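S.K.: Protein sequences appear in the order of chains G and X.
Residue 1 is where the first sequence starts when you use the working numbering, and the numbers rise one by one after that.
Residue 1 is where the second sequence starts when you use the working numbering, and the numbers rise one by one after that.
In short, the hints are calculated from the structure, not lab data.
Any given hint might turn out to be false.
Unchecked claim - With a straight-line Cα cutoff of 20 Å, these simulated SDA-like cross-link-like pairs (lysine to any residue) come out:
#1 G/K225 <-> G/T263
#2 X/K228 <-> X/I107
#3 X/K50 <-> G/K206
#4 X/K228 <-> G/D227
#5 X/K50 <-> G/K296
#6 X/K50 <-> G/K220
#7 G/K296 <-> G/D312
#8 G/K222 <-> X/K228
#9 G/K206 <-> G/T351
#10 G/K220 <-> X/K228
#11 G/K225 <-> X/K228
Keep in mind the model is a prediction, meaning the values are calculated, not measured.
Residue-level listing of the chains:
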Amino acid sequence: MQDKQFMRETLVDGAKAFKEGRLNRRGFLTLCAMTGFASAASFPGGAEAAADYIVMWNWGGQSEECHGGAIGKPHEAAGGLPLRFDTSGPLQGKIKEMVDSGNVTADVCDADLFDAVALGPTGHLEPIDYNVVSKDKTLPNYALEHGVSIILYGYAFVYDTEAYGDNPPNSWADFFDTAKFPGKRSLYKWANGSLEAALMADGVDKDALYPLDMDRALNKIKGMKNDSLYWGSGAEAHSMCVNGEVSMGMVWQNRGRNIEEDTEGRYKLVMNQALAMPGAYIVPKGNPAGREEIMKFIAQAQDPDAQLQLLDCLGMTPSNPAAFDNIPEGQQPYAITSAMNIDGVAFNDPTWWGENGGDAVNAFLEAIS
Amino acid sequence: MNAIRKSLHPGWLLVAPFLLLVIALYLGPILNILWLSVTDPEPGMGNYRKLFVSDSLLRIFWTTIRICLITTVGSVLLGYSIAYAMVHCHQKQKSYMLTLLLVSFWISILVRTFSWLMLLGHRGLVNNALEGMGVISEPIAFMRNELGVLIGMIHYMIPYAVLPLLVNMQSLDMRVMDASRNLGASGQQTFMRVYLPLTLPGIVASSLLIFILSLGFYVTPAVLGGGKVLMIAEYISVQLLVTLKWGTAAMLAGLMLFGVLAMLYIMSRFMKLSAVFGGSA
């Protein structure tokens with residue numbers, strides 16, 4: 001790890017020197033060879049942040065081609081910088097470490113809106129410029145000082161149709177009722193969504209969840225502990241359902257569609273009481289491409305067409321109300337903000353999570369382990 | 001000047017650059033971590049006080065130590081029999097066995113962990129076969145619990161047990177065992193009273209190695225434990241990456257470090273560690 005970091009830094013310095021003319025082309029290429037920089041894909045973050053690109057720090061997978069097509073291309077066509085990716089996953093700790101070390105290599109993080117609340121006040125993020133980015137092009141509570149929601153993802157559940165036949169579960173109360181609906185369950189390991197689901201199952205109204213009553217939620221979760229598995233990644237949640245390990249599984253709602261397809265309809269997604277999570281773009285303090293450029297990029301991502309493309313490509317739901325009416329027929333059952341789902345959905349409070357998330361995650365981990 | 005030259009062996013000058021590097025690149029960051037544990041989020045011993053306030057931290061420690069101990073015993077037992085078989089079989093078979101051992105040693109931990117899910121998972125090979133034969137009606141829960149973690153960890157650690165034991169067993173003078181038999185001891189007595197004591201340094205070396213390596217295990221418990229087996233390494237990583245409690249993480253990391261050092265110190269009181277690690281006693 002340290003080696004890689006060192007190589008990356010060497011290369012970034014080299015790239016800067018090359019750009020400023022202090023290093024000739026041959027010297028730069030030698031340096032690239034020395035540090036083992038074989039292709040543009042090896043160290044996207046470091047090298048390209050210096051070489052006039054926008055670097056999006058995300059979670060990899062399909063999101064590269066999807067974000068590239070939906071936001072990167074139109075942004076470049078409008079005269080902006082081209083888009084590149086660092087796919088190592090912008091966890092809060094990594095963003096903090098990057099900014100603290102003074103070696104910022106990412107311009108925009110595809111993160112959670114609660115990250116903006118957690119890292120903004122400590123000076124790790126650039127504030128969003130709402131002269132360029134529009135507060136009206138996202139849901140009302142999801143345009144915060146240090147981050148703005150672009151897409152929504154959600155925690156919903158799938159159930160085994162063969163296990164529950166004629167009387168299928170339809171709410172978190174059913175999900176937590178192992179007497180009426182016997183079988184194993186799976187929940188998200190890092191507390192998000194799991195706590196809210198437990199409270200809704202315990203009778204808390206979906207619009208009155210926050211501040212979360214932790215004791216009440218953890219009691220509900222402990223009560224089902226012997227019948228529960230906990231997943232840490234989308235792939236794990238997926239395989240727990242597809243392999244029949246659980247009869248009901250909490251999943252990211254866009255995964256729900258894949259599970260339905262992979263089990264040929266045996267598992268079915270329930271969107272009632274799904275928890276909508278605001279995914280957000282946040283900008284590390286001192287990002288290499290500059291604040292002005294990245295704000296234009298974020299404004300581009302608010303465009304309804306870009307958001308509908310992301311929905312088509314990744315199953316991430318638009319947060320811009322102007323796009324809600326144009327959600328295609330086939331995506332209606334799976335999209336959080338589609339006409340058929342939006343009224344049954346609970347909305348996450350990023351401020352509560354940003355301020356209390358750390359303690360909540362620890363309390364949850366202690367309860368399940 | 002002359003006095004210094006006399007007391008300082010010139011060899012020190014040769015290793016000085018290396019020593020300086022170690023101090024700068026290894027000791028520096030460690031001190032930084034320890035510093036963090038008494039300064040983040042606020043100066044004081046608050047992070048260490050958590051150990052006495054929250055029983056959950058103690059529980060995580062206990063889970064970690066329990067799993068590491070069982071892993072150590074399990075893999076040393078299995079490793080001992082493998083090493084014993086390797087030393088005493090034909091040279092050709094021995095090289096086959098060594099090749100197999102090294103191949104599994106080199107395979108990535110992720111691959112080895114996920115293979116267990118394929119084999120022993122809910123719809124894995126074993127459960128499917130048993131169900132197909134009508135032996136069981138419900139799949140057996142081998143994985144996604146503590147048993148799964150132990151299977152995965154012991155399997156991963158076996159090569160680490162075999163290699164030190166193999167070196168130790170190969171260096172034994174087999175004539176000692178012959179002498180024991182010649183003096184009338186049974187095979188069992190020879191093994192218990194001569195062979196086993198002679199291989200004790202190997203057992204201690206592999207046990208220490210495995211216990212210390214297991215303490216830092218992260219991937220296997222996370223994948224095979226179904227979220228319910230929380231070990232200290234995973235907890236530290238969560239504190240660093242998700243909850244931003246770097247002080248707690250540093251405190252736990254420091255405790256692990258001193259725990260291991262203390263263990264080595266106690267061991268050194270009872271035996272020469274240099275013998276354990278292959279140096280001359």
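S.K.: Which earlier hints turn out false for this structure, listed by number in ascending order?
M.R.: Violated: hints 1, 2, 3, 5, 6 and 7.
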